[in-house]
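Construct the entire structure; sequences and hints are all you get.
Okay, here's what each chain looks like letter by letter:
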Amino acid sequence: MSQTATQTSQQAQTGLDDEQVVVFDVANEFYAVNIARVHEIIRLQQITVIPGAPEFVEGVINLRGKVIPVLDLRKRFHLNVSEHTRSSRIVVVELSNQTIGLIVDGVSEVLRIPADQVDPPSPLVAGIDSRYLRGIAKLENRLIVLLDIDKVLSILEQQQIEASSLN
Amino acid sequence: MKGKNMAGKQLTFDATPEELNLFISEGEEQLEILNQDILRLEQEGDSNSELLQEIFRAAHTLKGSSGAIGHQRMAKLTHSAETVLDHVRRHTLAVSTKLIDLLLQSLDVLRTLLDEVTTGIESEITIDKLCDDLNGLVIQNNKTEPEQQAAAPKEQPEKSVKEAKLTLEDFISGSHIWEIDCAIDENCLMPAGRALQAYIAVQQFGKIIQSSPPADIIEFGKDLTVKNLHFELDLAAQMDGIEQALKSVLEKIPEIKVVSCKTAGAGSPANNAENQNTVSCSATIDATCPMPAVRALQAIIAAGKFGTVVSSTPSAEDIDQSKVTAGTLVQMQVTPNMPLSEFIDSLRNAINHIPELAYVESAQTQPEHTAATAAEGKNITPAAEKTVTENTVKSAAEPKNSTATDAETQSKTGATASHAPRMVRIDVERLDALMNLVGELVIDRTRLARIASQLNGHTDNPAIVEDLTETSRRLTRLSDDLQVEVMRSRMLPIESVFSKFPRLVRDLAQKVSKHIDFIVEGKDTELDRSVAEQISDPIIHLLRNSIDHGIETEEERTAIGKNPVGQIRLSARHEENQIVIDVEDDGHGIDSEKLKAKALSKGLITSETASHMGTREALELIFLSGFSTAEKISDISGRGVGMDIVRTNIEKLNGSVTLETEIGQGTRFTVRLPLTLAIIRALLINVGSQVYALPLNSVIEALRIEAKEIRSINNHEAIELRGEVLPLIRLAEFFDGKVERNTSADAREFIVAVRWGNRRGGLIVDSLIGEQEIVIKSLGNVFRASNGVSGGAVLGDGQVAPILDIPAIIKQIISAERDRVPA
Numbered sequence: 000m001s002q003t004a005t006q007t008s009q010q011a012q013t014g015l016d017d018e019q020v021v022v023f024d025v026a027n028e029f030y031a032v033n034i035a036r037v038h039e040i041i042r043l044q045q046i047t048v049i050p051g052a053p054e055f056v057e058g059v060i061n062l063r064g065k066v067i068p069v070l071d072l073r074k075r076f077h078l079n080v081s082e083h084t085r086s087s088r089i090v091v092v093e094l095s096n097q098t099i100g101l102i103v104d105g106v107s108e109v110l111r112i113p114a115d116q117v118d119p120p121s122p123l124v125a126g127i128d129s130r131y132l133r134g135i136a137k138l139e140n141r142l143i144v145l146l147d148i149d150k151v152l153s154i155l156e157q158q159q160i161e162a163s164s165l166n
Numbered sequence: 000m001k002g003k004n005m006a007g008k009q010l011t012f013d014a015t016p017e018e019l020n021l022f023i024s025e026g027e028e029q030l031e032i033l034n035q036d037i038l039r040l041e042q043e044g045d046s047n048s049e050l051l052q053e054i055f056r057a058a059h060t061l062k063g064s065s066g067a068i069g070h071q072r073m074a075k076l077t078h079s080a081e082t083v084l085d086h087v088r089r090h091t092l093a094v095s096t097k098l099i100d101l102l103l104q105s106l107d108v109l110r111t112l113l114d115e116v117t118t119g120i121e122s123e124i125t126i127d128k129l130c131d132d133l134n135g136l137v138i139q140n141n142k143t144e145p146e147q148q149a150a151a152p153k154e155q156p157e158k159s160v161k162e163a164k165l166t167l168e169d170f171i172s173g174s175h176i177w178e179i180d181c182a183i184d185e186n187c188l189m190p191a192g193r194a195l196q197a198y199i200a201v202q203q204f205g206k207i208i209q210s211s212p213p214a215d216i217i218e219f220g221k222d223l224t225v226k227n228l229h230f231e232l233d234l235a236a237q238m239d240g241i242e243q244a245l246k247s248v249l250e251k252i253p254e255i256k257v258v259s260c261k262t263a264g265a266g267s268p269a270n271n272a273e274n275q276n277t278v279s280c281s282a283t284i285d286a287t288c289p290m291p292a293v294r295a296l297q298a299i300i301a302a303g304k305f306g307t308v309v310s311s312t313p314s315a316e317d318i319d320q321s322k323v324t325a326g327t328l329v330q331m332q333v334t335p336n337m338p339l340s341e342f343i344d345s346l347r348n349a350i351n352h353i354p355e356l357a358y359v360e361s362a363q364t365q366p367e368h369t370a371a372t373a374a375e376g377k378n379i380t381p382a383a384e385k386t387v388t389e390n391t392v393k394s395a396a397e398p399k400n401s402t403a404t405d406a407e408t409q410s411k412t413g414a415t416a417s418h419a420p421r422m423v424r425i426d427v428e429r430l431d432a433l434m435n436l437v438g439e440l441v442i443d444r445t446r447l448a449r450i451a452s453q454l455n456g457h458t459d460n461p462a463i464v465e466d467l468t469e470t471s472r473r474l475t476r477l478s479d480d481l482q483v484e485v486m487r488s489r490m491l492p493i494e495s496v497f498s499k500f501p502r503l504v505r506d507l508a509q510k511v512s513k514h515i516d517f518i519v520e521g522k523d524t525e526l527d528r529s530v531a532e533q534i535s536d537p538i539i540h541l542l543r544n545s546i547d548h549g550i551e552t553e554e555e556r557t558a559i560g561k562n563p564v565g566q567i568r569l570s571a572r573h574e575e576n577q578i579v580i581d582v583e584d585d586g587h588g589i590d591s592e593k594l595k596a597k598a599l600s601k602g603l604i605t606s607e608t609a610s611h612m613g614t615r616e617a618l619e620l621i622f623l624s625g626f627s628t629a630e631k632i633s634d635i636s637g638r639g640v641g642m643d644i645v646r647t648n649i650e651k652l653n654g655s656v657t658l659e660t661e662i663g664q665g666t667r668f669t670v671r672l673p674l675t676l677a678i679i680r681a682l683l684i685n686v687g688s689q690v691y692a693l694p695l696n697s698v699i700e701a702l703r704i705e706a707k708e709i710r711s712i713n714n715h716e717a718i719e720l721r722g723e724v725l726p727l728i729r730l731a732e733f734f735d736g737k738v739e740r741n742t743s744a745d746a747r748e749f750i751v752a753v754r755w756g757n758r759r760g761g762l763i764v765d766s767l768i769g770e771q772e773i774v775i776k777s778l779g780n781v782f783r784a785s786n787g788v789s790g791g792a793v794l795g796d797g798q799v800a801p802i803l804d805i806p807a808i809i810k811q812i813i814s815a816e817r818d819r820v821p822a
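Note that the protein sequences, when read in sequence, are chains A and B.
Each residue of the first sequence is one higher than the last, beginning at 0 in numbering that gives the first Met the number 0.
Each residue of the second sequence is one higher than the last, beginning at 0 in numbering that gives the first Met the number 0.
One or more hints might be untrue.
[Claimed, not checked] Pairs of lysine to any residue residues, derived as SDA-like cross-links and limited to a Cα-Cα distance of at most 25 Å, are as follows: (1) A/K74 x B/S688; (2) A/K65 x B/K651; (3) B/K593 x B/S814; (4) A/K150 x B/S814; (5) A/K65 x B/E772.
[Claimed, not checked] Over the 12 Å line for every Cβ pair with chain A, so calculated as not near, a few chain B residues: (6) S24; (7) G135; (8) A182; (9) K251; (10) P289; (11) N435; (12) L467; (13) L491; (14) V511; (15) D523; (16) S688; (17) E716; (18) D735; (19) D765; (20) S777; (21) N786.
Hints were generated in silico from the structure; no laboratory data involved.
All C-beta atoms in this analysis are idealised placements derived from N, C-alpha and C, irrespective of residue type, glycine included.
This is the structure in structure tokens:
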């Protein structure tokens, strides 16, 4: 970890088109969201289940008087679902028209990722639906998946409309 | 003026933002009065002279104020309408459908023009055709006039003379002619516009006897190339400094230059008046009045109706330059043209009718006094306030001139002034924000109450807990009061919604050639602004439906011995925490068998379902989407989407719509809505590990019964509740599909009986928690497809509880019931 930190700070000095991201892990993979989109990171709190909601929508929470939906990224990415742990967090992100929470296994750090180290997404990497990906950052010792956070929900909504029209 | 009709053009007005706001709200008021009164005029004819006066006054006020802010098109159209109204008032023009139609059309256009003031952008609407039509009414009526005009083109066109007469007719003192010459700047792009402005400016002072170019050319904005204007003005009132006033008003218009302004002979202005007995009378302008100058002018015009205004303080000049401050005393020297007591009564009445004006005093004065005041007026300096103060002091220091009546009047005025509601305009967004804050406060106070009860018995210092409980109780009371007050400040009388309906009904009825007597009741019923905004469309649908489908044609009605005039009654009232709106017609009612047949032929139901349908269910068919009973699609009521949308929209507001009908007698639709959309009372229940909220307005009662009381009717659970069968649904199964029933013989079940419209159903829940005020929060798009949940509520402990969508659940019960009915 300390290695990464040094490395990052070096890159920060050199890179011009750096992107600052919040890195979190889901099922032992690293994912990142642009820091500008992250509203806050909160501890897991009691989630109210809304009957009839899509399976990957865990429910809603009360964020200081505002009711926001919470999605479990493990479920969203069709990964193995495990119990939430003490390190589980809710990353609250701002989408264009609403605020949502993403349940992640843990938030590791804030990184600067130089633009030249980001590759376009490949369906083979990470094993999740490549539609949600914006790119993959190749840092020295690991790969970080950059999420296209708007798509995480918009694709969801699309699916939902399809589902409701089937009913 | 051609260029003025370009769409999207930015408009600027000759007024401050406050004045514009006042103009807008007063304009809306006047339009509202006109709308209602013109409909009354149509019904009552021109026999009601009071009504005619009221209409005329409203039109006149509108014209005056639109002219004052420089909204030319608005002023022009109101002028045409006013001319027509004047003829009606004088019984020289009969009330006809065409006349009413044109006037109503004018109101529509005026509303658009008024909106321009709000938006600041010129709309695409044109008024020329309408003005021509309106003028046409008058000309048609009085065929001789055009000839006269043709024969003597130099003469003032008829309408302008009339205009001048009616504005100031009683207000004219002797003949005193002024000749004014103005020049329009060579480079002026819109000489016609400037000429009109000059015309209007000069007109304020009196009757324009002659103008060159002629008034109609100026007024109708024909291409004007002349750069020189000549007006002959018959002064309305003799006021000192008239020359100055005229000049300054005209010079204020850009690109206009006054060449000369002189009197054309006749006696000196003050002579006639000074020899008569003059009365000094005053009116105070409310200290909060945003447009004191306008009020001052109104006061003088009012006085001019009952006599000749010899002089005034502030002077016409000051008024014109808006050198009048709120709170000012307007003093006038008037020679009454009627007996003194009558004059005082009339004037008091007239002035007290003008908003923000209060009549103060009327004392017969000595000629010397008049002269003194007049002399004072002559020397008026820009510091007009000083003069006013002096005058005020003087009148106060002359108690001997006051009569007993004055004392009475004064105390009376004092009373009226203190009773006048003090209003503050508040941005709606601010009220919404306030409401949200109250919502948050309600959540927190509930949370506090919870903490207090949790602490109770768990601490070794019960005094503190008691203190906390007491405080929390006080907070509850305070926040309740606060909530009520905020709610109240957002409340509007439903009249704001209803007021546009008489016109709508009239127009629609005319379109289908039916005669309809439209009755509106309970206009004062108040409801939340957010609800008011949303109910208009559903009610329009219902009214359209009644007019189009409900009421029979005149022939049909006569044939079956009904009053040929149909009746539609729209009423509103409060019932508990709901507002109830009825739309009732005395038409032919709805035949449930016909509905069934229709639904069947449209393939909306199967013949099997139809055969099992009761009357009540069949009537519900009208709310199915794609259903329309009209034989032919008319452009009035829709293509079978109307009733469907009505129900959907009303349910979105947590309301309901039901109907009762009797064949041959009529139909009544009843709409029930909560008073507010933000905070509701709810019954909290438990299902599984989760809390759910049930809107209390759909809960009939909660009961605890023994499990064995539940019967299975056609394989469907139900209980008998006071003689009626209540179909049941297990919420746990409804949501999760899990079956985990307690089968022991003495098991008990909690049932919440709910209703939606006429339908009832019972929800089997795990336990009841209690009632609470909840703040409704939207769940957003993610849960759009979630069946059975309409929103989320933040509870006292900060948890979110889903709010159950009772209509959806009852529909589910109904369809389940239907499915299980054996064929």
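Going through the hints against the structure:
no., hint, verdict
1, A/K74 x B/S688, "22 Å, holds"
2, A/K65 x B/K651, "20 Å, holds"
3, B/K593 x B/S814, "22 Å, holds"
4, A/K150 x B/S814, "37 Å, violated"
5, A/K65 x B/E772, "17 Å, holds"
6, S24, "34 Å, holds"
7, G135, "53 Å, holds"
8, A182, "60 Å, holds"
9, K251, "50 Å, holds"
10, P289, "38 Å, holds"
11, N435, "8 Å, violated"
12, L467, "23 Å, holds"
13, L491, "27 Å, holds"
14, V511, "38 Å, holds"
15, D523, "35 Å, holds"
16, S688, "9 Å, violated"
17, E716, "20 Å, holds"
18, D735, "7 Å, violated"
19, D765, "14 Å, holds"
20, S777, "7 Å, violated"
21, N786, "5 Å, violated"
The structure is inconsistent with the numbered hints 4, 11, 16, 18, 20 and 21, although it conforms to all the rest.
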